[in-house]
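Visitor: Below are the chains, spelled out letter by letter.
2 protein chains.
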Amino acid sequence: MKQRIPLEEAQEIVKKNLPDLSPENVILKEASGRILAESIFAPMNQPPFARSPLDGYALRAEDTRGASKDNPLKLKIVSRIFAGDRAKEPVNSGETARIMTGAPIPEGADCVIRQENTDRENDEVTICQELRPGQNYAPAGEDIEKGELLCSRGTLLRSPQLGVLASMGLERVEVRPLPKVAVITTGNELQALGEKLEPGQIYNSNNYLISARLEECGAKVTASLVAGDNKEEIKEKITENLPGCDFLVTTGGVSVGEKDLLLSILEELGAEIFFWKLGLKPGTPIVCAKLDGTIIFGLSGNPAAAVITFDLLVRPMLVEINGFEHLNLKSSRAVFVDEFNKSSRTRRLLRAVVVSSPRGEIVKLSRGRQRPGVLKTTLECNCLIDIPAGSPPLESGQEVEIFKLPEIYNY
Amino acid sequence: MKQRIPLEEAQEIVKKNLPDLSPENVILKEASGRILAESIFAPMNQPPFARSPLDGYALRAEDTRGASKDNPLKLKIVSRIFAGDRAKEPVNSGETARIMTGAPIPEGADCVIRQENTDRENDEVTICQELRPGQNYAPAGEDIEKGELLCSRGTLLRSPQLGVLASMGLERVEVRPLPKVAVITTGNELQALGEKLEPGQIYNSNNYLISARLEECGAKVTASLVAGDNKEEIKEKITENLPGCDFLVTTGGVSVGEKDLLLSILEELGAEIFFWKLGLKPGTPIVCAKLDGTIIFGLSGNPAAAVITFDLLVRPMLVEINGFEHLNLKSSRAVFVDEFNKSSRTRRLLRAVVVSSPRGEIVKLSRGRQRPGVLKTTLECNCLIDIPAGSPPLESGQEVEIFKLPEIYNY
Numbered sequence: 053m054k055q056r057i058p059l060e061e062a063q064e065i066v067k068k069n070l071p072d073l074s075p076e077n078v079i080l081k082e083a084s085g086r087i088l089a090e091s092i093f094a095p096m097n098q099p100p101f102a103r104s105p106l107d108g109y110a111l112r113a114e115d116t117r118g119a120s121k122d123n124p125l126k127l128k129i130v131s132r133i134f135a136g137d138r139a140k141e142p143v144n145s146g147e148t149a150r151i152m153t154g155a156p157i158p159e160g161a162d163c164v165i166r167q168e169n170t171d172r173e174n175d176e177v178t179i180c181q182e183l184r185p186g187q188n189y190a191p192a193g194e195d196i197e198k199g200e201l202l203c204s205r206g207t208l209l210r211s212p213q214l215g216v217l218a219s220m221g222l223e224r225v226e227v228r229p230l231p232k233v234a235v236i237t238t239g240n241e242l243q244a245l246g247e248k249l250e251p252g253q254i255y256n257s258n259n260y261l262i263s264a265r266l267e268e269c270g271a272k273v274t275a276s277l278v279a280g281d282n283k284e285e286i287k288e289k290i291t292e293n294l295p296g297c298d299f300l301v302t303t304g305g306v307s308v309g310e311k312d313l314l315l316s317i318l319e320e321l322g323a324e325i326f327f328w329k330l331g332l333k334p335g336t337p338i339v340c341a342k343l344d345g346t347i348i349f350g351l352s353g354n355p356a357a358a359v360i361t362f363d364l365l366v367r368p369m370l371v372e373i374n375g376f377e378h379l380n381l382k383s384s385r386a387v388f389v390d391e392f393n394k395s396s397r398t399r400r401l402l403r404a405v406v407v408s409s410p411r412g413e414i415v416k417l418s419r420g421r422q423r424p425g426v427l428k429t430t431l432e433c434n435c436l437i438d439i440p441a442g443s444p445p446l447e448s449g450q451e452v453e454i455f456k457l458p459e460i461y462n463y
Numbered sequence: 053m054k055q056r057i058p059l060e061e062a063q064e065i066v067k068k069n070l071p072d073l074s075p076e077n078v079i080l081k082e083a084s085g086r087i088l089a090e091s092i093f094a095p096m097n098q099p100p101f102a103r104s105p106l107d108g109y110a111l112r113a114e115d116t117r118g119a120s121k122d123n124p125l126k127l128k129i130v131s132r133i134f135a136g137d138r139a140k141e142p143v144n145s146g147e148t149a150r151i152m153t154g155a156p157i158p159e160g161a162d163c164v165i166r167q168e169n170t171d172r173e174n175d176e177v178t179i180c181q182e183l184r185p186g187q188n189y190a191p192a193g194e195d196i197e198k199g200e201l202l203c204s205r206g207t208l209l210r211s212p213q214l215g216v217l218a219s220m221g222l223e224r225v226e227v228r229p230l231p232k233v234a235v236i237t238t239g240n241e242l243q244a245l246g247e248k249l250e251p252g253q254i255y256n257s258n259n260y261l262i263s264a265r266l267e268e269c270g271a272k273v274t275a276s277l278v279a280g281d282n283k284e285e286i287k288e289k290i291t292e293n294l295p296g297c298d299f300l301v302t303t304g305g306v307s308v309g310e311k312d313l314l315l316s317i318l319e320e321l322g323a324e325i326f327f328w329k330l331g332l333k334p335g336t337p338i339v340c341a342k343l344d345g346t347i348i349f350g351l352s353g354n355p356a357a358a359v360i361t362f363d364l365l366v367r368p369m370l371v372e373i374n375g376f377e378h379l380n381l382k383s384s385r386a387v388f389v390d391e392f393n394k395s396s397r398t399r400r401l402l403r404a405v406v407v408s409s410p411r412g413e414i415v416k417l418s419r420g421r422q423r424p425g426v427l428k429t430t431l432e433c434n435c436l437i438d439i440p441a442g443s444p445p446l447e448s449g450q451e452v453e454i455f456k457l458p459e460i461y462n463y
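If you read the protein sequences in the order shown, they are chains Y and Z.
Letter by letter, the first sequence follows residues 53 to 463 in our numbering.
Letter by letter, the second sequence follows residues 53 to 463 in our numbering.
Looking at chain Y on its own, in the form it has when it is part of the complex (with noise of 0.2 Å):
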């Protein structure tokens, strides 16, 4: 068994052992927020036909020629056609077909006037102007062209592309799949919301952090549970959830005390260990293993550190299979404008916040303690400050290493 390895080692185990899940096939409307597995061409014209644009009359260019209002130009009205009908009667020389918004333009006509650019008299229409040929007719293929790319793999499916999709008339897309996690808390301080604390006791909050965390990185929790620090318990509870789902987050019982029982839990159920422990701070106290074909994160019971771990560790591996991009951290560089007098043996990763500046990005501390019990440092926390091993404390001014959270975090 690894221990205390660094971040990027572990991220690279994990990845080697991420389930290989299918994409999914979902109805378009379920399609929303998804990422699409498949490059989508386009299979047909869109409009699939010559329709106007406008409510007018449909008719030939070449018969308006030299019409002005000392030239009026009568046309006799020879159909009426709406949207959503077929363009039965051709358009001749001196005929015109009362047109519709959306409504296919007939053989022969190659413009459209505006209705209210025009004088009408029972069957006849009066114009008084010279159209080109091609105004205010929309050719089939005008949005979008049969054959054309539509959206590629890898596209977030948002309203305008459903939309686009829609109006090619496809059911049904492949998408990238929503990972199902399951979430297990343990600790027998761990209190339910509403009931009174005893002495000794907190409330449960890591179920709601963590539960709420893998939900912004696109996962299914397909379970959210507790568990008091008692080996049968635990057990009980990761081997009924594990089938169901395709990781298991648990927090707690994974640091060297008497009650930190994960480890030997889950070496006793036969699982791969694969390491315990990172070399980072908060987020030492860590253990990732595989039983029966599923990641199992055993994150720290101390808030912080469960967030921080999962931040680096588990939320790459989500994004790698739903395609979330959007909701990974991403490596950047700040100007740190603030104070820690503290040097770093281990690496470091602070909880920070990230801002825009005239003299480009600056970075500073979140509101609240450093430490990884203290949960409020994580409130207005839209970066991570990664401090390698062996630093000096922070100089005011400095460039530092920062991961950043995703947009969400932001507002």
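One or more of the hints may lead you astray.
Heads up, the list lumps identical chains together, so a pair's fine if it works in one copy or across two of them.
Straight-line Cα separation of at most 20 Å, EDC-like style, residue types lysine to aspartate or glutamate; simulated pairs [to be verified]: (1) Lys54 / Glu320; (2) Lys394 / Glu267; (3) Lys140 / Glu310; (4) Lys287 / Glu310; (5) Lys128 / Glu292; (6) Lys382 / Glu459; (7) Lys140 / Asp162.
Simulated from the structure, these hints should not be mistaken for lab results.
Model the placement of chain Z on the given structure of chain Y, informed by the hints.
Guide: Just chain Z, lined up with the frame of chain Y:
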């Protein structure tokens, strides 16, 4: 009935007539992604008691004075305290308590030594270093102090907020309501996805486009229907769906053609017509009315016109109710770096793409035609260029006003 009014006047009218929806009281898990309707102050300290941040031994710092490898200190283990335990026994001079991460620090002890830095034999532990009072000691309120502001009214609740609120034991919170919206797309030409297109028909893409866009603005789509160009059918679908929704959005039937039925239907139903037509292109044809207290937006059947008026008029009204400011349009300016040769008699909105560049924000037209019936141009559109009425063609390099779409359309 007002006609062809400016956008800003239309926005004012609708804003004055918005339904007055009460905040929702939801359980914490359901509050994820919602906007807080109340400010929340900490009802308690977190942690509620002084606790150990690590696995070790709780003791009195003064006992360690002078302790070193040459002068080891031996302390008697008088109790073992796990997370979740009540700390019963006080620690007196010469004594220590075995203590695990998260466990309450017993009376008398004022620091904790990490277990890795001790030697233990039976019920005695040997310490070879001095400790400071408060060392490895997480005081009550270390994370959150009773009475402090946790989340102010208007906060978007993400996982960190849920975690913090859960740590306070708060089961329920008041959040801004999500407006319920019914969608009716109208038109004889509309065919359902997966069916064969008959001549003159197109697929009903507006339904997908508008329903998904509503959900992207945080609305709940209560119904998503289609109706032919038939007065009775449209009336029936409006009156059936009106009671269950806060807004009703239709597409089609709002221009000047013979099958543009919506305006007369609304009049016959006794609706108060706020206005018909906007001084905008695309997007001139639109009806806005109020029937039985519910606002009805009758958008154009042309998809681009529908999306543009949706974004300018419907989106801000939804945000006004649900508080999702990050989903609203933002006015900005950018340098136009493309070609657009038409002059604009009417105020014109162009679908465009804005990107940051070293010289500031630059904007170019989206791929596709700018016609109202063309949907493709919305695919990469992340902003609208706002060209005032009476403007000449745009020149590359000129500064233009833009409405930026929310960040979600940037991915």
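Visitor: Within a copy, between copies, both or neither: where do Lys128 and Glu292 come within 20 Å Cα-Cα?
Guide: Neither. Shortest intra-copy (78 Å) and inter-copy (43 Å) distances fail the 20 Å Cα cut-off.
Visitor: When no copy is named, should Lys54 and Glu320 be tagged within, between, both, or neither for a Cα gap of at most 20 Å?
Guide: For Lys54 and Glu320, only the intra-copy Cα distance (17 Å) is at most 20 Å; the inter-copy one is 76 Å.
Visitor: Regarding Lys287 and Glu310, is the shortest C-alpha distance of 20 Å or less found within a copy, between copies, in both, or in neither?
Guide: Within. Shortest intra-copy distance 17 Å satisfies the 20 Å Cα cut-off; inter-copy 71 Å does not.
Visitor: Cα distance capped at 20 Å. Does Lys382 pair with Glu459 within a copy, between copies, both, or neither?
Guide: both (10 Å within a copy, 16 Å between copies)
Visitor: Could you place Lys140 and Asp162 in one of the four classes (within, between, both, neither) given a Cα distance threshold of 20 Å?
Guide: So Lys140 and Asp162 pass the 20 Å test inside one copy only (15 Å; across, 94 Å).
Visitor: Classify it for me, Lys394 with Glu267: is the Cα-Cα distance of at most 20 Å met within a copy, between copies, both or neither?
Guide: neither (35 Å within a copy, 47 Å between copies)
Visitor: At most 20 Å between C-alpha atoms: does Lys140 with Glu310 qualify within a copy, between copies, both, or neither?
Guide: This pair counts as between: shortest inter-copy Cα distance 19 Å, intra-copy 85 Å.
This entry does not satisfy hints 2 and 5, going by the numbered hints stated previously.
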